[in-house]
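Enquirer: Fit chain F with the ligands to the given chain H structure using the hints.
Spelled out, the chains give:
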Amino acid sequence: MTDRKEWPLWEIFIRGQHGLNHRHVGSLHAPDAEMAIRNARDVYTRRKEGVSIWVVKSSDIAASSPSEKGPMFDPAESKVYRHPTFFDIPDEVGHM
Amino acid sequence: MYAQMVKSEGKTDRAEMSPEERAFQDRIDANEKIEPKDWMPDGYRKTLIRQIGQHAHSEIVGQLPEGNWITRAPTLERKQILLAKVQDEAGHGLYLYCAAETLGVSRDELFEKLHSGAMKYSSIFNYPTLTWADMGAVGWLVDGAAIMNQVPLQRTSYGPYARAMVRICKEESFHQRQGYAVMMRMAFGTPEQKEMAQDALNRFWYPSLMMFGPSDKDSVHSAQSMAWRIKMNTNDELRQKFVDETVPQAEYLGLTVPDETLKWNEERGHYDFAEPDWEEFFEVLKGNGPCNDERLAARRKAWDDGEWFREGLSAYADKAAARRAASDLAAE
Ligand SMILES: [Fe+2]
Ligand SMILES: [Fe+2]
Chain H
1387 MTDRKEWPLW EIFIRGQHGL NHRHVGSLHA PDAEMAIRNA RDVYTRRKEG VSIWVVKSSD
1447 IAASSPSEKG PMFDPAESKV YRHPTFFDIP DEVGHM
Chain F
28 MYAQMVKSEG KTDRAEMSPE ERAFQDRIDA NEKIEPKDWM PDGYRKTLIR QIGQHAHSEI
88 VGQLPEGNWI TRAPTLERKQ ILLAKVQDEA GHGLYLYCAA ETLGVSRDEL FEKLHSGAMK
148 YSSIFNYPTL TWADMGAVGW LVDGAAIMNQ VPLQRTSYGP YARAMVRICK EESFHQRQGY
208 AVMMRMAFGT PEQKEMAQDA LNRFWYPSLM MFGPSDKDSV HSAQSMAWRI KMNTNDELRQ
268 KFVDETVPQA EYLGLTVPDE TLKWNEERGH YDFAEPDWEE FFEVLKGNGP CNDERLAARR
328 KAWDDGEWFR EGLSAYADKA AARRAASDLA AE
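One line per chain: the protein sequences are H and F, in this order.
Just so you know, we're using the numbering used here here: the first sequence kicks off at 1387 and counts up by one.
Just so you know, we're using the numbering used here here: the second sequence kicks off at 28 and counts up by one.
Chain H extracted, bound-state conformation (with noise of 0.2 Å):
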């Protein structure tokens, strides 16, 4: 076997029909960006889950560490006023 490189990893996300964002949906080996649109079609899209493609590679996106969970997320936890039910309307005030 030559010690030929194996193709990089890109990420793939598609946006579905109904206009939502675009999903990440998982990953595949491409050797370029035109190769991987390609080629997520034909792994993601088989049944029309999309009508737009992303892809990224994979080595190009950087992520939060799983360590910092703590410190990252847990200081929402306690901002309970950012939902709309934390406040009471009177019932005679109507739908709001």
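The hints are simulated quantities; they were obtained by calculation from the structure and are not laboratory data.
Computed from a prediction, not measured in an experiment: that's the story for all the values here.
Mixed in with the good hints there might be a few duds.
[As the list claims (entries may be wrong)] Between beta-carbon pairs, the in silico distance windows are:
#: 1; chain 1: F; residue 1: Glu264; chain 2: H; residue 2: Ala1419; range: 41 to 49 Å
#: 2; chain 1: H; residue 1: Ser1450; chain 2: F; residue 2: Ile97; range: 43 to 51 Å
#: 3; chain 1: H; residue 1: Ser1438; chain 2: F; residue 2: Met44; range: 43 to 51 Å
#: 4; chain 1: F; residue 1: Glu321; chain 2: H; residue 2: Lys1455; range: 46 to 54 Å
#: 5; chain 1: F; residue 1: Met211; chain 2: H; residue 2: Phe1473; range: 54 to 62 Å
[What the hints assert, rightly or not] Heads up, simulated PhoX-like pairs for lysine-lysine below, C-alpha to C-alpha not over 25 Å straight-line:
#: 6; chain 1: F; residue 1: Lys106; chain 2: F; residue 2: Lys221
#: 7; chain 1: F; residue 1: Lys140; chain 2: F; residue 2: Lys328
#: 8; chain 1: H; residue 1: Lys1391; chain 2: H; residue 2: Lys1443
#: 9; chain 1: F; residue 1: Lys268; chain 2: F; residue 2: Lys197
#: 10; chain 1: H; residue 1: Lys1455; chain 2: F; residue 2: Lys268
#: 11; chain 1: F; residue 1: Lys221; chain 2: F; residue 2: Lys290
#: 12; chain 1: F; residue 1: Lys60; chain 2: H; residue 2: Lys1455
#: 13; chain 1: F; residue 1: Lys140; chain 2: F; residue 2: Lys34
#: 14; chain 1: F; residue 1: Lys346; chain 2: H; residue 2: Lys1391
#: 15; chain 1: H; residue 1: Lys1434; chain 2: F; residue 2: Lys73
#: 16; chain 1: F; residue 1: Lys244; chain 2: F; residue 2: Lys34
#: 17; chain 1: F; residue 1: Lys64; chain 2: H; residue 2: Lys1443
#: 18; chain 1: F; residue 1: Lys197; chain 2: F; residue 2: Lys244
#: 19; chain 1: H; residue 1: Lys1434; chain 2: F; residue 2: Lys268
#: 20; chain 1: H; residue 1: Lys1391; chain 2: F; residue 2: Lys313
#: 21; chain 1: F; residue 1: Lys313; chain 2: F; residue 2: Lys290
#: 22; chain 1: H; residue 1: Lys1391; chain 2: F; residue 2: Lys328
#: 23; chain 1: F; residue 1: Lys328; chain 2: H; residue 2: Lys1443
Just so you know, even glycine gets a beta-carbon here, dropped at the ideal spot from N, CA and C.
Expert: What follows is chain F with the ligands alone, placed relative to chain H:
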């Protein structure tokens, strides 16, 4: 199943666990998902690579017995359906290789291990597909058995594996139904067609039962894998469930399950049935099944014949990138 005998390494005894291992087990017990960058015991990682790898290999090798009939399908419509089904299986293999890769193994490494025989795939794909009715039996029984195992795995502890399973399960029901539709056509057709359907059932019944792996009493690695939630049910549980669901479907077709001991057990609320020949199962796993050599040879050939193509696309991508870099430089 698609992963039939996965060796599992780890500790089930809490007292023996390190504090990290205990915290990890607690997360699993609380039904939390484990994600790629989270800390995990080495045994969990290794066992998962083995299991997901075996599962992926089975999807890929599993294309071969059906691929055998694509050019000989009886109608254009049947050909299109079979082609779509086999294409789905290629996708299943890809989803699973990607899930395995999040654990620190590369897809090419996994391929190499498949091709060298260091990693296994499901025993079921080492049986030949001799007639068109086999396309019915494979979809109905083999995909049926796979579904039985894959549906609970959607809740497995490892996030990427669970997500791959969700995608796969969405597609599997088409596979089983198209197979059963082929069986209906054959079983309700001419006497010769019905005979072919019966023959297919005869040949695929026991190999399908083997898909769930050895009996619980001989299944040494189950306990650890179940504690880690990478195996959700015991082999015997799933096998029983499969028999209970499949027997009435065979009856509807007017076909006879090739087991004289098969009988509804009122007390248990389940069918009693004969175990497959485990001797045969272990022989097939060892590489001595009817088609082991043929399947591996086909995989190796596909890999070797594709090498120039993979390299060509890589070379093209490098060249295009260099050209882009040069024109960016010129524009500055
Ligand atoms: Fe599959
Ligand atoms: Fe399938």
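Enquirer: Taking the hints in turn, state whether each one holds.
Expert: Status of the hints after comparison with the structure:
| no. | hint | result |
| --- | --- | --- |
| 1 | F:Glu264 <-> H:Ala1419: 41 to 49 Å | holds (46 Å) |
| 2 | H:Ser1450 <-> F:Ile97: 43 to 51 Å | holds (46 Å) |
| 3 | H:Ser1438 <-> F:Met44: 43 to 51 Å | holds (47 Å) |
| 4 | F:Glu321 <-> H:Lys1455: 46 to 54 Å | holds (50 Å) |
| 5 | F:Met211 <-> H:Phe1473: 54 to 62 Å | holds (59 Å) |
| 6 | F:Lys106 <-> F:Lys221 | holds (21 Å) |
| 7 | F:Lys140 <-> F:Lys328 | holds (15 Å) |
| 8 | H:Lys1391 <-> H:Lys1443 | holds (16 Å) |
| 9 | F:Lys268 <-> F:Lys197 | holds (20 Å) |
| 10 | H:Lys1455 <-> F:Lys268 | violated (41 Å) |
| 11 | F:Lys221 <-> F:Lys290 | holds (23 Å) |
| 12 | F:Lys60 <-> H:Lys1455 | holds (14 Å) |
| 13 | F:Lys140 <-> F:Lys34 | holds (16 Å) |
| 14 | F:Lys346 <-> H:Lys1391 | holds (15 Å) |
| 15 | H:Lys1434 <-> F:Lys73 | violated (36 Å) |
| 16 | F:Lys244 <-> F:Lys34 | holds (15 Å) |
| 17 | F:Lys64 <-> H:Lys1443 | holds (18 Å) |
| 18 | F:Lys197 <-> F:Lys244 | violated (32 Å) |
| 19 | H:Lys1434 <-> F:Lys268 | violated (33 Å) |
| 20 | H:Lys1391 <-> F:Lys313 | violated (32 Å) |
| 21 | F:Lys313 <-> F:Lys290 | violated (32 Å) |
| 22 | H:Lys1391 <-> F:Lys328 | holds (20 Å) |
| 23 | F:Lys328 <-> H:Lys1443 | violated (30 Å) |
The structure is inconsistent with the numbered hints 10, 15, 18, 19, 20, 21, 23, although it conforms to all the rest.
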